[in-house]
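K.L.:
Take a look at the letters that make up each chain.
There are 2 protein chains.
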Amino acid sequence: MDKNALRTLSYGLYIVSSFKGDKMNGQIANTVIQTTSKPYTIAVAINKENLTHECMTASGVFSVSVLSIDAAMKLIGTFGFKCGRDIDKFADLKYKIGVTKAPIVLEDSLACLEAKIIDKIDLSTHTIFVGEVVEAEVLAKGEPMTYAYYHNVKGGKTPQKAASFIEEAVKAGPKKEKSMFRYVCSICGYTYDPATGDPGNGVPPGTPFEDLPADWACPICGASKDKFDRE
Amino acid sequence: MDKNALRTLSYGLYIVSSFKGDKMNGQIANTVIQTTSKPYTIAVAINKENLTHECMTASGVFSVSVLSIDAAMKLIGTFGFKCGRDIDKFADLKYKIGVTKAPIVLEDSLACLEAKIIDKIDLSTHTIFVGEVVEAEVLAKGEPMTYAYYHNVKGGKTPQKAASFIEEAVKAGPKKEKSMFRYVCSICGYTYDPATGDPGNGVPPGTPFEDLPADWACPICGASKDKFDRE
Numbered sequence: 000m001d002k003n004a005l006r007t008l009s010y011g012l013y014i015v016s017s018f019k020g021d022k023m024n025g026q027i028a029n030t031v032i033q034t035t036s037k038p039y040t041i042a043v044a045i046n047k048e049n050l051t052h053e054c055m056t057a058s059g060v061f062s063v064s065v066l067s068i069d070a071a072m073k074l075i076g077t078f079g080f081k082c083g084r085d086i087d088k089f090a091d092l093k094y095k096i097g098v099t100k101a102p103i104v105l106e107d108s109l110a111c112l113e114a115k116i117i118d119k120i121d122l123s124t125h126t127i128f129v130g131e132v133v134e135a136e137v138l139a140k141g142e143p144m145t146y147a148y149y150h151n152v153k154g155g156k157t158p159q160k161a162a163s164f165i166e167e168a169v170k171a172g173p174k175k176e177k178s179m180f181r182y183v184c185s186i187c188g189y190t191y192d193p194a195t196g197d198p199g200n201g202v203p204p205g206t207p208f209e210d211l212p213a214d215w216a217c218p219i220c221g222a223s224k225d226k227f228d229r230e
Numbered sequence: 000m001d002k003n004a005l006r007t008l009s010y011g012l013y014i015v016s017s018f019k020g021d022k023m024n025g026q027i028a029n030t031v032i033q034t035t036s037k038p039y040t041i042a043v044a045i046n047k048e049n050l051t052h053e054c055m056t057a058s059g060v061f062s063v064s065v066l067s068i069d070a071a072m073k074l075i076g077t078f079g080f081k082c083g084r085d086i087d088k089f090a091d092l093k094y095k096i097g098v099t100k101a102p103i104v105l106e107d108s109l110a111c112l113e114a115k116i117i118d119k120i121d122l123s124t125h126t127i128f129v130g131e132v133v134e135a136e137v138l139a140k141g142e143p144m145t146y147a148y149y150h151n152v153k154g155g156k157t158p159q160k161a162a163s164f165i166e167e168a169v170k171a172g173p174k175k176e177k178s179m180f181r182y183v184c185s186i187c188g189y190t191y192d193p194a195t196g197d198p199g200n201g202v203p204p205g206t207p208f209e210d211l212p213a214d215w216a217c218p219i220c221g222a223s224k225d226k227f228d229r230e
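Just so you know, the sequences run in chain order A and B. Quick note: the first sequence uses numbering that gives the first Met the number 0, first residue 0, plus one each step. Quick note: the second sequence uses numbering that gives the first Met the number 0, first residue 0, plus one each step.
Because the hints were derived from the structure by calculation, they are not lab data. Please note: incorrect hints may appear among the correct ones.
Same chains, same names: a pair is fine if it fits in one copy or spans any two.
Claimed, not checked - For lysine-lysine, the following DSSO-like pairs were computed, each having C-alpha atoms within a straight-line distance of at most 30 angstroms:
(1) Lys140 <-> Lys226
(2) Lys100 <-> Lys153
(3) Lys95 <-> Lys47
(4) Lys2 <-> Lys140
(5) Lys47 <-> Lys119
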């Protein structure tokens, strides 16, 4: 079985949010699909260990924000690689409370949906939640962020707890010049490639990792330079 | 509720195939997602009226072929807009029989997967099938066809029975010059736009529908000119 075949499946990139009592949480998900049109229903697979799973199970509702192709990597880092048990992901963020009382991320989002959970499938590590759409809104014109764009253009990684996680084979590449070593963030898996640099944060292509300023931080999860390991 | 929000969800484009006794069938689907990685499972929503649904229910297995961005519209037309009860979709087609005994379309496909159904959710018009991946293969290098590309670049339409069907509002556009009228295929919904022409079949942009050769046929489903209605 060549698991690389699974990498050819296509997805969008979304923030799925919900609440439990006073606690709001949300997380990045790529597995949102429309499942019927009479009535309009959507489905999403969520890891059982995630706080969002706990919130969805408790409240029976969830929202989906459709991320724009221009969405900030910091937003994706906060919702994809940090845990809502440690931080308030909605602090300093543009969001609203929907008709289902679920929080809805508006920042960098083209559209949002709210759904009431009507069914689910319990799998090994994830639950597939099916929700009937009760509210839907287009927020802005633009191109939706796709999972492929996030990986190929933005250099993003897949968290281990994602439905679409695929274990990496150990790479045994050729030796490189010191200045061209790539460094991997131990927190979120982002790879700093000196050939690409980090133009979004003023680091031009060709900048060795060693030459990055001391206060440079992972553009995805905000981790400091000492959290990076040579690839 | 603005159902246009649902149009911002992103998908790939796949052929899902299965069998029942001696009958093989397959259909276009866009809702294939990976749902867990331990074990590797995938899910797909299939319309209950479709022969593929009947085959999947009978055999308990299915295959997924990941279509290339270069996939022929005729292939998509055959598997997306024709019924396996009327024709043998696998005639004159490159395919193989997999370890699950499900047929697997190889034509215009970048990768294929085979799965044994382990669970399902019964919705109003569709069933979400969850399958454990038992075989997976990369067939070719290339870019996967996305649903957005199929719609925006290839001019493809969504069949009424698709999970992601969204009812169209009646359009009341401005009157146009005769030569610029668009014509819609009554079989599959493909729209012939004279501004675009049908370059894949030697019809240059700017060709009025009326000037198309008598033997011109719908590039998606193969319907003849008389099956087209003025928009």
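K.L.:
Could you run down the list of hints and mark each one as holding or not?
P.N.:
Checked hints:
1. Lys140 <-> Lys226: neither (37 angstroms within a copy, 35 angstroms between copies)
2. Lys100 <-> Lys153: Answer is neither: 33 angstroms inside a copy and 40 angstroms across each miss the 30 angstroms cutoff.
3. Lys95 <-> Lys47: within (25 angstroms within a copy, 37 angstroms between copies)
4. Lys2 <-> Lys140: between (36 angstroms within a copy, 15 angstroms between copies)
5. Lys47 <-> Lys119: both (12 angstroms within a copy, 18 angstroms between copies)
Hints 1, 2, counting from the list given before, are not met by this structure.
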